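**Student:** Place chain W on chain P using the hints.
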Amino acid sequence: MDDENISDDQSTEIMDVANTSDNQPTEKMDSTTVNEQMTVNNKDYKEYEDEMDTSDEEDIRNTVGNIPMNWYDEYSHIGYDWDGAKIVKPERGDQLDNFMEKMENPDFWRTVRDLQTGQDVVLSDKDVELIQRIESSKIPDSTYEEYGPWIEWFTSEVMDMPIRNGADHKRSFIASRSEASRVERYARLIRAGLLKTREQKRREREKKRQRSFFMMWSTDDAEDENMRRITDHIPAPKRNLPSHAESYNPPPEFLFNDREMRIWNKQEETPWKRKLHYVPQKYDSLRQVPAYPKFIKERFTRCLDLYLCPRARKMRLTIEPEDLLPKLPSPKDLQPFPTIQSLVYNGHTDMVRCISIDPLGQYLLSGSDDMTVKIWEISTARCMKTIPVGGIVRGVEWNPNKALSMIAVIADRKLLIINPGIGDHLVVSKTDSILSTPPIQTSIVSDKIKAIVQWDDPTTEEYENGIRIVLNHFKELKQVTWHGRGDYCATVMPDGANRSVLIHQMSTRRSQLPFAKSKGLVQSVLFHPIRPFLFVATQKNIRIYDLVKQELFKKLMSYAKWISSMAIHPGGDNLIVGTYDRKMLWFDLDLSTKPYKTLRLHSTAIRSVAFHKRYPLFASGSDDRALIVSHGMVYNDLLQNPLVVPLKMLKEHEDLADFGIFGVTFHPTEPWVFSCGADKTIRLFT
Amino acid sequence: MPMQKKKFQSGEGARYVTRRAALNKLQLSLKDFRTLCIIKGIYPREPAHRRRAQKGKSGIQILYLKKDILFLLHEPMIWKLRDLQVHLNRLRRAKGMNQKDLIKRYANTVPRITIDHIVKERYPTFIDALRDMDDALTICCLFATFPKLKSIPTHLIALCRRLTIEFMHVCIAARALRKVFISIKGIYFQVEIKGQAITWVIPHNYPHEPQKKQEVDFYTMSTFADFYSTALGFVNFRLYHNLNLYYPPRLGSYTAEAIEDEMLEENETSDRVAALNLPLLKTAEDVEDPAEAELNLDTFAADGNEEKAEEARKEYEKVRKLKNLFEGLKIFLNREVPREPLVFALRCFGAKVSWDVTTFPEGATFPETDETITHQIVDRPDLEKKFISRYYIQPQWVFDCVNARELLPVEKYFIGTPLPPHLSPFTVEYRTQRYVPPEEKALTDPSVIVNRDQELLDEISDNEIEDIKDGENEPEDENMETDDDIDEFGDEITEEQLAEIKRKKMKVETGTPEIVNKGKLRRENHQMQLLKEKMIQKKYRSLYKSMKSGKIQRQKEIKLLKYKRRIHERTSIEKKRAEIKARRAQAAVA
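Residue numbers (UniProt numbering), protein chains in the order written: chain P, 1 to 686; chain W, 1 to 590.
So that you can see chain P by itself, here it is in the shape it has in the complex (with noise of 0.2 Å):
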């Protein structure tokens, strides 16, 4: 029986070819040492296998049954002999028994480890053949003749004569009435269309599904008004169109060199900052050119923008950058102003902080840091006078008054009244006599007048240099400046909080205190040229008093961070400040009291402002070492606003420790200006 079944499983699956043939060998030889485990075991189990080969029943060796064998990974034995022991799993060895075995044992090879009773096997050659066979796709029969002659056990052959010798009933060649009457029934319903075709259905759901177009729109232009329709309808703009670049052949410099490559690929991450989005590229011939990888991306993305971009009216701008320049008369209609450097006036020895100019023109009057004060003929640029006066000289101011050859100097705390004795003798000897006769002090100076300042004498060595009248300030002195009479004139001092501003009358020898009440810290006081006002510059606004009715007539708001120095037109309705935060700042004091006009001139602060008294120039100078010189025409007619047209730019002091220039004047009567500067020059431009 078992060779027999060895045949008929032939071909079934390898495991089964696997428990067949572990019968083989089980029979012939009985001291397998599969066995011999078994029998280890039980001494009963020969007998159990010989009762087996009677049995008809599937040929399973184990006591479990065709179960899952996993359900066994657990135990140490699979299922149980007929006395209730446990079947102990054989042994298996570890990794290393199991290479000793394949190394020792010339069948391993051929060894398979039955999955249902957990034994080792040894496959024989016949089993080895046919597995090899089954693993080569042939035929497992290696007996069965694959090539051999077809018998064919059914003729195909139609034969004349039938088999079997009766006649074919009569229902075989008449047609059925019952069929007849269905296809009666199938025609009818077709010819009445209720019925299809499966051909006429397919075309009837194309059609159905085919687009029919019709005349949509009646002309051209011409729209309906009912109909409604989004609001404020933005159009997509169109996308740009190709330029030279994107041709299959471009001419050949739009084609990218290396450094062009290299910067598109280093902008790999960051695509939108190139300039293209693609790559020029030149082919020889039309049948080169490759579709284009991002074609349908491209498309894509103009879909998205198409109804995710937000969209908005932008005005384009169809000007050109000259059309937001503001259209000003050229600087050449506008001559005479100063153009080229013609004269340096050196001879300081530290940075000169003031200039002045004689009322007539001819001598220029200097203070520096070097203690001193010089006196310049301008015209040949010569020394006429150095007048030490011991101490740091912030400002000095020639007398206005034609009649008068005296300055006013200031030197640390003290201001003084010097004759410097240059120019016409007469005037010369006249200032001295007036000023060597103090006026009977008729009122009784106050008390806080006199602890502010006290009007003292010159030392003879001092008379000696000119120094006339001395006056003792409490506090360091800042600027001093001239009434246009020259009887008074003022003095700051801009750590005095409210006793900060002070007038002197020469005439009378008194000093007055115009202000009751700190304003803030004053910068720059300067007197109205034709009316009794007072324009006192706080750090951000500018107030104008009222000398003979003593009130405030006016507040100008600078909007500036901190002011430096002003100056006014000679007409008095116009004032010039310039800032230490850039700014020069124009107020038309008829117009507002903003500023008419803010000029950025300037690259840093402005250190000082002048006007001309003649000509319509103003300058002004700054710590970047320009001295830039502009055009301010102011107009008799109210109705027209001033004239303000930057000219020039005179850039010709040295850079000293950030400081560029410190202070402006223009010449009385000529169109020249100067300026001073910190590399210890004073210039001269024509």
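Read the hints as simulated data drawn from the structure, not as lab findings.
The structure displayed is predicted, hence computed values, not measured ones.
Errors might be hidden in some of the hints.
[Claimed, not checked] Derived DSS-like pairs: lysine-lysine, alpha-carbon spacing no greater than 25 Å straight-line:
(1) K518/W <-> K273/P
(2) K594/P <-> K538/W
(3) K100/W <-> K208/P
(4) K332/P <-> K532/W
(5) K266/P <-> K5/W
(6) K25/W <-> K314/P
(7) K238/P <-> K120/W
(8) K208/P <-> K80/W
(9) K282/P <-> K412/W
(10) K561/P <-> K539/W
(11) K207/P <-> K80/W
(12) K282/P <-> K556/W
(13) K332/P <-> K539/W
(14) K67/W <-> K314/P
**Tutor:** Relative to the frame of chain P, chain W by itself:
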């Protein structure tokens, strides 16, 4: 006490809604909302004050006009979308339950959403529709090339193909093509219909590539294609009727059966139509309408604007000539040439075209052996069998001719010769400050020499080249350089040169011309400019700066291109010289 006014209940805050709010209002899913927006042409708006429009919220939200959303609310399509959703749910359920009869029924009765009325709504006039055809044609042309895809219905692809072919046919019939351009992306065509310039691009062969899902969403694209194909169909219909043509197009003789057949072919285009080579059948004979053509000229003349009228007349004449550019030419296309774009470009200007039957089965009207062929377009290095009676030219000739609006000499385009650069015809519409390559200059001004190297080479004839030594060649190049420098830096003259000039002119009695130190003058002008710039009003200052920097940037780009051109020319000259020398040397050895 009066009602307190709440913030954002009027003004900009009330005019805009966010997308989330819109979805809530319309009770739609985001996908349906997107479909609706695409088809209805609703788009987000950029508010003047974003903070206010977002009701005080910072960040960037997608904002729609509230009115637009209300407009969507009344759209009947919303209900169709909901019905569709319900239907699909039913179908899905039937599939889940495996109820075959229900599946069949539902599958056959999926509601179809018609969007014809939306086309009319979005384009109230025909001109509006034409204006928007750029995107429509490009999308349809792209879809026409797609293979069968999972995410795109097949009938849509077939419809796109059909409509683009029909549009091309009508362009041929109207001779509307004006400009063409072969770019690396595809072939651009610009037609002029009713005064509207429509530009679209046909991709090069086989543009479809599988796309990443996160990069391209074909569903969105097919929604666009759906709308655009509908619009294009209606545009086609009107264009055909304006030209007295049958729509759908008919070619030659037709029996009733054939028409029936053609009608039933589902959106498919027959090869006969797709061949683009046969004239369309007319419903009636054309009546020439000269009045219409002269219309815009007359309006200018009526305005008394003589110059404009003259210009318009010239342009009109040019276009009239352009329309018959290839009239009388018989052109044969070799099989490696892209057939469709070339047939379109050629037939739009009146050429007769044919091709090898193996490239396209229908429509070829004459064989290659025809002796009357004037031009054969070939795109391969050489051809074995050639006819003497015709020119063998490369396809670029056709495109360059159209852009130049005249028949260009064929010498430069002969088979196997390196082609001249192909220029874009669209740059005319660009801003003024741009780089114009010498080839483009030569188009308008024949005095410009395109290839300086060519000319130089001509000068140096083969006989002379032996005499010229390297040492002599160098100064010539230097001279060229200095010439260029002078051009660029505005004739700057140094003191020494000045003295030199003076010394040279000692003998001349007529007096010396006034020599201005241009460098100084320029410096002064620059200073003046700086001062003037400082006088710009504060509100324009940043604008001025950006404009100026943009201008400088463009100038730099132009300079760079010029520089690259010069370098290229020089290297090519040197190369050619070396070549000639090598040839000479070889000849001498021999």
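**Student:** Which of the listed hints are broken here?
**Tutor:** 1, 5, 6, 13
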